[in-house]
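Novice: Using my numbering, you'd call the opening residue of the sequence shown number 3 and step up by one each time.
You may find that some hints are simply not true.
DSSO-like mimics (lysine-lysine), calculated; alpha carbons at most 27 Å apart, straight line [unchecked claim]:
1. Lys584 / Lys126
2. Lys101 / Lys191
3. Lys498 / Lys326
4. Lys607 / Lys617
Simulated from the structure, these hints should not be mistaken for laboratory data.
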Amino acid sequence: MESAEDLNVISGIQSITKRDEDYLINFKTGEKAKIYIINNHVFRYYVSPTGVFLDYPMPNNAGDVAKITVKDVADYDKETFKKSCVNELNKYYQIDINKVQILFDKIKATMTVFDKRTKKEVLKESSALLYSDDKSIQSLHQSKDEYFFGGGMQNGRFSHKGNIIHILNTNNWVDGGVTSPCPFYWSSKGYGVLRNTWQPGVYDFGSKSPSKIVTTHNEDHFDAFFIINSQPREILHEYYELTGQPILMPEYAFYEAHLNTFNRDYWVKVTSKTPGAILFEDNNYYKKYKPNEIGHKKGILESLNGEKNNYQFSARAMIDRYKKHDMPLGWFIPNDGYGSGYGQTDTLDGDIENLKQFTDYATENGVEVALWTESNLSPADPLHPKKGERDLSKELSVAKVVALKCDVAWIGSGYSFGLNAVDEVTEIFMSNTKVRPMIIMVDGWAGTQRYSGIWSGDQTGGQWEYIRFHIPTYIGTGLSGQPIVGSDMDGIYGGKEKEVNIRDYQWKTFSPLQLNMDGWGNIPKTPFSFDDEATSINRAYLKLKSMLMPYNYTISHESITGLPMLRAMFLEFPNEIIAYTKDCQYQFMWGPYILVAPVFKEGFKRDGIFLPDKKQIWIDYFTGKKYQGGTIINNFATPLWKIPVFIKDGAIIPMTNPNNNPNEIDRSSRTITLYPNNRSKFEVYEDDGVSSDYLKGHFATTEIVVDAPRSNMNGHLLINIEKTKGWYFGMIKERTTLLQIMASKEVNHVKVAVNGETLQVTKANDFEDFKRSENTYYFKKDFEVNPYLKSFNDALQAVLLIKIHKLDITSNRLQIKIKHFTKRFRVLGEYEDDNVLVTLKTPDNFKILANDTTPTTISLQWSPVIEANYYEIEKDNVIYSNLDTTQFTFEGFEYNTQHLFRIRAVSGDGLSEWSDYVSASTLEDPVVM
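Use the sequences and the hints to build the structure in full.
Specialist: As structure tokens, this is what we get:
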């Protein structure tokens, strides 16, 4: 980096003038700047040492025509700009916009931004802009309670306060690497910044000075869009307004994908002890060899369609295996390997016909076909195409391929080249097919989301680290304006660890993409590669994801304008400070109602699960147990079949029948699972699931409103299911309605009205009677939330089932009233702070184990209390609950930081008094030491 002497400092503002389309700033040091008003809270600040202003940043390659932003500044509505004005004050120039004020210090040339809506200063430069021939640097003030997010897919990270991130295309797929950089970050203080550049950068969020943010890009000018808004949803929305709306995943993409090469390699018969040996249907073991590896061995060449006496080595056979094991499978990539191709004829057209035959077979089985690409997408000479070239136009129009995986071999350069590549792909899609473009890639940038989802690259499975670092990676990617995120199931390499494999399937049930990248590991990468136990558990979670499709699809649609599907905790609970920090980096919200805390360490207990909001009750999805919010729970039982999944009390979750692909969804029925608590509302979204017609207004929405007594109270339950609004091609209007209402006792008064007219409903005698009847209700005491876990989970829940006959959902409003409804259960941790038992002793000898203190951990110990069921420790005003031993270690601290602790005992009847506080500090940075 240049020394301070090598950097130029802008200084002194000579004038700010409002012109026809912008504000022109003249600096006394000779530079010029423009302020473009995009809307009433978004503006572009462009500083040019030369006085030259480009509409778009210069791409890295002359042929790259894709743009970061989707509109030219001149295309935005001018009304806000016309109503804005510049005022010259004593020390400042003030540009006044409808909702924002921008102040420029006349002497220092620094910028300060006020949000008029919150009446707060949200952004302030700590020093003037610096620049050189190849660098521009902005420094901003940082508040103590301010947190930062964005930067793209920063592996292993989501909250950047106190850290440095690199806006750099590293092609480094592990923790600390950058899979897909993005020059966009935002602050919890109420602003976001999009640097309008194709050049690498470095963002320092206080690693050297906690009171500063220093952002640098490798170019001689400063060009950035500033978004001023206190709501994360709106910051992301405005980012999408600038750079493009994210793609909406087609329905099939929510299901697992299988990827491998089925057209290149040879299978040689070997013994079971041969490394890499795989048992096939003929009860023989075979090992796969690439053409350059097989030597003089005799092998069988694989193919897509198995037409050469090689069926068990074909792509068709793999689809058959998923069906045999009753496994959901949505899409399939048969050429994912260097030099694979998809046919063994003498011509490109012949190979495309071979691909079409496979696509026909796949679609007959409910599976869509995609392709991997390592090269250009069109023949060099379209009139004389050569075998081995690609012709995406024909792959789409003739072979009916629906999606593309753009790998590092083609787009590894990233930046403007990567965005231009997927822009080109999208254009070909739109010209040759009516299906919704679906692309996944690495090496993205700002704007990638409007064309593609992101996967995290190539890693080794069979390791706990693989799961651990991906959790904050996914969270951070969503916060960077890229909601479609995924990775290979249990990695592309390695494997062979059953527990890791299962845990990866479990948590990725609550994620957008699941990719089985087969052919590179030391075990086949399928959900049925281990024993029957693993196969059954993996199946159960894949089926659960299929059952959640209406909920998943709704939150996916929400993500194209606002919050991502996979959400940082603070997006749903903005008042919980801990949710902004690394203390919550290993859990997330899947939409508004489902909290997921993945298991990322060996063993069958999970620590450190933060259940937010002390007034909120959380329900263990698999057992129905209730937990009071406002605490961090520990020692949560996680037998192999189970990960922590909690439902927010009050949830409305639309569901469907278990299925293996979208073709198996029963569109003539709708299921709504309710966890009644006070008032809640959810709007279900649907469209045809395959086309881009939703962009033309072809979709439907259904609002569901529930008014219920608060948890553990009696009262009347009112459910309103409004008429469905909208329409799309192929929509089935006539549907039955099934309500699954979590309850604690039977009811005898259920009233249903259709458009205000009473519908007679009867109480079923038993569950069999309920299943064969219409307009009926039944209290089921042995309800299974996931029937595919029946052999593992003996925790049955109670549910009130209501079934209503088939009606036109677009013309019929349903109202359900249930008198004397109750959902009364014991709630773990439901104690008021004044519920102190004088007979329950406070733990003695509460102390720090000084010899065990490290730069990132602090251990505590205390004496047992015989009457205690468990203990609670308050750490820095956050309660850690369900501690069932007399020693506990807190992890994840920053170096050389001080922390306060106190402890109390908890019994079945109440709480002890809190102990006195004890204080401890972590050690210094071990590198410095």
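Novice: Taking the hints in turn, state whether each one holds.
Specialist: Quick rundown of the hints versus the structure:
At roughly 26 Å between alpha-carbon atoms, Lys584 and Lys126 fall within 27 Å of each other, so this suggested pair holds. Between Lys101 and Lys191 the alpha-carbon distance is near 16 Å, which keeps this suggested pair within the 27 Å criterion. Note on Lys498 and Lys326: the hinted pairing holds, with a Cα-Cα distance of about 22 Å set against a maximum of 27 Å. Of the pairs offered as hints, the one joining Lys607 and Lys617 holds, with about 25 Å between alpha carbons and a cut-off of 27 Å not exceeded.
Consistency with the previously given hints is maintained throughout, with no hint failing.
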